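Trainee: These are the residues of each chain, in order.
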Amino acid sequence: MMQSVVSSLSTTNTSNKTLRWLANTLYRKDNLFLLLLLTPPLLWFGVVYLGSLFALLWQSFYTFDSFSMLVTPDLTLENYRSLFDATNFDIILRTLDMAVSVTIATALIGFPIAYYMTRYGSPAEKGFFYVAVILPMWASYIVKAYAWTVILSQQGVLYWCIHHLGLMSALNYILQIPNIGGNTLATSNIGRVIVFTYIWLPFMILPIQAALERVPSNLLQASADLGAKPAQTFRKILFPLVFPGVVAGSIFTFSLTLGDYIIPQLVGPSGLFIGTMVYTMQGSVGNIPLAAAFTVVPIILVSIYLAMAKRAGAFDAL
Amino acid sequence: MPFKSKASNTSTASAPLWLKILAYGGLVFLHFPIAVILLNAFLSSDGTLSANASWLSHFTLHWFSVAFAREDVISAILLSLKVASMATLLAILMGVMAAAALYKRNFFGKEAITAMLILPIALPGIITGIALLSAMSMLEISPSIWSIVVSHATFCVVMIYNNVIARFRRMPHNLVEASMDLGADGFTTFRYIVLPQLATALLAGALLAFALSFDELIVTIFTAGHEITLPIWLLNQLTRPRDAPITNVVAMMVMLITALPIIAAYYLTRGTETLEGSGK
Amino acid sequence: MTIAVEFSAVSRHYGDGKQIVRAVDNVSIAVAEGEFFSMLGPSGSGKTTCLRLIAGFEQPSTGSIHIFGKNATGSPPYEREVNTVFQDYALFPHMNVLDNVAYGLRVKGVQKSESYKRAEDALTLVALADYGLRKPSQLSGGQRQRVALARALVNKPRVLLLDEPLGALDLKLREQMQLELKTLHRKLGITFIYVTHDQSEALSMSDRVAVFNHGRIEQVDHPRQLYTEPKTSFVADFVGTANVVSGALALQITGNQQPFSIRPEHISILSNSNMANSGIPNVDTVQNQMMQIAGEVVDIQYHGATSKIEFDVHHDAFTQRLMMVLSNTEHTEAQLPQVKQKLMLCWPKSRMVMLETHGND
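Residue numbers (my numbering), protein chains in the order written: chain S, 2 to 319; chain A, -16 to 263; chain B, 2 to 362.
Treat the hints as calculated values from the structure; they're not laboratory data.
Where hints are given, some of them may not hold.
In silico negatives: residues of chain A with every beta carbon more than 10 Å from chain B [to be verified]: (1) Pro(-1); (2) Leu165; (3) Tyr175; (4) Ile215.
Below, computed lysine-lysine pairings styled on DSBU-like, alpha-carbon distance capped at 30 Å [what the hints assert, rightly or not]: (5) Lys232(B) with Lys18(S); (6) Lys136(B) with Lys87(A); (7) Lys30(S) with Lys136(B); (8) Lys19(B) with Lys93(A); (9) Lys30(S) with Lys19(B); (10) Lys87(A) with Lys343(B); (11) Lys71(B) with Lys19(B); (12) Lys309(B) with Lys173(B); (13) Lys3(A) with Lys230(S).
Please read all numbers here as calculations on a predicted model, not as lab measurements.
Yeah, the Cβ is synthetic: ideal placement off N, Cα and C, and Gly gets one too.
With the sequences and hints as input, model every part of the structure.
Mentor: Structure representation (structure tokens):
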């Protein structure tokens, strides 16, 4: 293959003087070359994308007249103030609650998987685990959400199992707990946590796995050599080294949950989430300014979280 | 370094049983819903696993033919394929340019540019979606297939960029120097030395970008207008339980179309690590 | 004599403002055609940067470079009549050996059949005729090294640049390749410019050696002169081992503070009686221009053919450690001194080399 490719080149190379001139110019003026390379991505991201974001931010200061349902470009802080109204603030707290619960749940389920695959898996097993983790991660989001609506429904497989195991009374007991429960699994907060946890779990496993992979095994041997029992080695050596990986994973689970607006519509009780609120405000209501103000909330929350994660060294673990 | 496998991290001791159970239990959790989708696609009746249905007697391919006879299904699939292909091509162009510009040299603002490329996947999708939508409405651009492509390419660039820049960094720079030393100018060097080195990374990135675009929903809902991509079609189906068997079949297909490129990308990037024999 | 490569006051700076790194600092050299010219120095001394300036991978910040009389300043690597053998070979991993070697000819537009024929000849020259279809990853380190050599030589460069080409090889292979490179150099008659940090390699292979330190050239000379007549204390110390004596001790020995060097093999034991235990160094300029000094043995190391003896010379305020080498064929084990023994040592005055005083080393 290479031979045929190179043979085509002999003609282009000698005959095309302009191309060589261009090559020489770009070689000598590498700043020009850099500029040429960077201009299209910069225009796209710097102008189109960032421009849109700033336009959105700017609109969050516009005024929405709730009688005429019209947006006027009169600048106001009213939208931001109304974020602290009881109903709106509830939405924020509810979303934040969910993001934290999901993050904790994914860490608890994800760590043993990552730990087992890196520490104990044979190379083949490790590959198997890796593929088994990235496959569900990339499998269609909406299909996964759909699958859970099927599973959690009262005619679904989960109820079927619980029924046949004779655990219905236990389930009913759990569903009666306020804040966690609900009428059915599909309309309970616990159901929502399960679906979110499921969907973001791979995003937690992979950074932990990467962090575990980076711990040189001789450190653990050194610890054992110095007399530490396996549990002590885990607590004093391994976990501190892997913790940034957990934080890195939590960045994903936290911010992805914070911005989601599909799953809250499909599973769980009826209260609005930040995402669903934004969606309703811009869509059926047409209150773009309030929607824009609401989008600032996850940005701020994620920024705070990122700042904390950075201090925990999570960026080195990404 | 290239010869040292990751297996060096593995300790020889075997895992405690509880850990093994937790790990494999986690895998079951991860794959259970996927199995449900796959099973449902082949089930007759209303397609859900009901408490008294005997599964095996209801296995059928009937719903596949029904699904493929539906015009809305076919057009949604075609639209999603078109969007994903075009978004991937655009992302390849942008991603390679950005990676080539940023991998070696340090200059003022480099960090900011990198951050900017990551922003579309770091920010919640709803923000990107609503921002692009409101910008479009301000500029009086009506949503179309192109607005979907642009919005998808925006978050696909980073897939290409990450893969390609990682390969650039791993590629010994003296290969480029060696090529120029032997008489090849920048273009020739790019075609015959750099591009072949990037090929698998580029392909892997492209596959990821394709899969990402193919099943993107969050941003698409905002930028699609009246166009119906496959994920949007699926979302609409969720409110129509009557169509459940068709939904199941389509869901399975979406799963396959995104899963296959991902597996391919994994093997592509994994293979190069063992191939990388020369150099340091 | 034609000059192959000429540096005129070449400097290469990195960075700007406060953080300027002078990788190459005002270097002028002229390498003659057909010469085996080595650039020797510790890492970071600027020798590799000089090589990269010749190859065209970097451009001088100031000064100019001429290659065969033609001003090469600013011209890209692909327009220079030089080729490089890279430190870690830089073989293209996606091409087989033959394609690697033919690459330079192919990109210059040589016909396919012709370039493969010449590539095969080049592979024969480095004794790898049957390896053309292998991938670089299937070769051993030494074989890759030869392919890199063939890939450069097939282009018939007028100057061959070698950047620590043997650095990654083990000792035996390195010695064998040194010999082969010398043979190749004689056979081809082209200019070799060879970068190394290994002083014995530089001494044994080169016609001339330039010693680099902190981006500057300390001395350019033939290997023998470099060893016997080092001009600076850095050269004395870096090329072979030397006792560099300066300051108060130099003042005491020679009567002025100018540093001098004395090679360990030129020091001998005058007497191993304890006559020098007064504690005061006894330096004399008596009998046959021999220098005398009293010292105390600190360590004795066995090195096969020789034994290395380290001893301290005590002075009022300080102690200086010096080193001497005794041949094991001329001294039996019993004749060697013991640790802590006090000795009277001497060396011929003619073997002392006065060194230039430098500002920054």
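Trainee: With a cut-off of 30 Å on the C-alpha distance, tell me whether Lys71(B) and Lys19(B) pass.
Mentor: Violated. Lys71(B) to Lys19(B) sits at ~35 Å, over the 30 Å cutoff.
Trainee: For Pro(-1)(A), which was marked as not at the interface, is the minimum beta-carbon distance to chain B over 10 Å?
Mentor: holds, 40 Å
Trainee: Does the alpha-carbon distance linking Lys136(B) and Lys87(A) stay inside the 30 Å limit?
Mentor: Given that 30 Å is the threshold and the Cα spacing comes to 27 Å, the pair holds.
Trainee: Given the hinted pair Lys87(A) and Lys343(B), is their Cα-Cα distance within 30 Å?
Mentor: violated, 60 Å
Trainee: Mind checking the alpha carbons of Lys3(A) and Lys230(S) for me, to see if they're no more than 30 Å apart?
Mentor: holds, 20 Å
Trainee: Beyond 10 Å on every Cβ pair: is that true for Ile215(A) relative to chain B?
Mentor: Nearest chain B Cβ is 42 Å from Ile215(A), so the label holds.
Trainee: Would the hint linking Lys30(S) and Lys19(B) be met if the CA-CA limit is 30 Å?
Mentor: Between Lys30(S) and Lys19(B) the Cα gap is close to 24 Å, so the pair holds against 30 Å.
Trainee: Tell me if the straight-line CA distance from Lys309(B) to Lys173(B) falls inside 30 Å.
Mentor: holds, 24 Å
Trainee: Decide if the proposed pair is consistent with the structure: Lys19(B) and Lys93(A), CA atoms, cutoff 30 Å inclusive.
Mentor: Since the Cα atoms of Lys19(B) and Lys93(A) sit roughly 21 Å apart, the hinted pair holds (cutoff 30 Å).
Trainee: Next pair to validate is Lys30(S) with Lys136(B); report whether the Cα-Cα distance is within 30 Å.
Mentor: violated, 35 Å
Trainee: Regarding the pair Lys232(B) and Lys18(S), is the alpha-carbon distance no greater than 30 Å?
Mentor: violated, 51 Å
Trainee: Report holds if the minimum CB distance from Tyr175(A) to chain B is greater than 10 Å, and violated otherwise.
Mentor: Answer for Tyr175(A): violated, closest chain B Cβ roughly 7 Å.
The structure fails to meet hints 2, 3, 5, 7, 10 and 11 from the earlier list, while all remaining hints are met.
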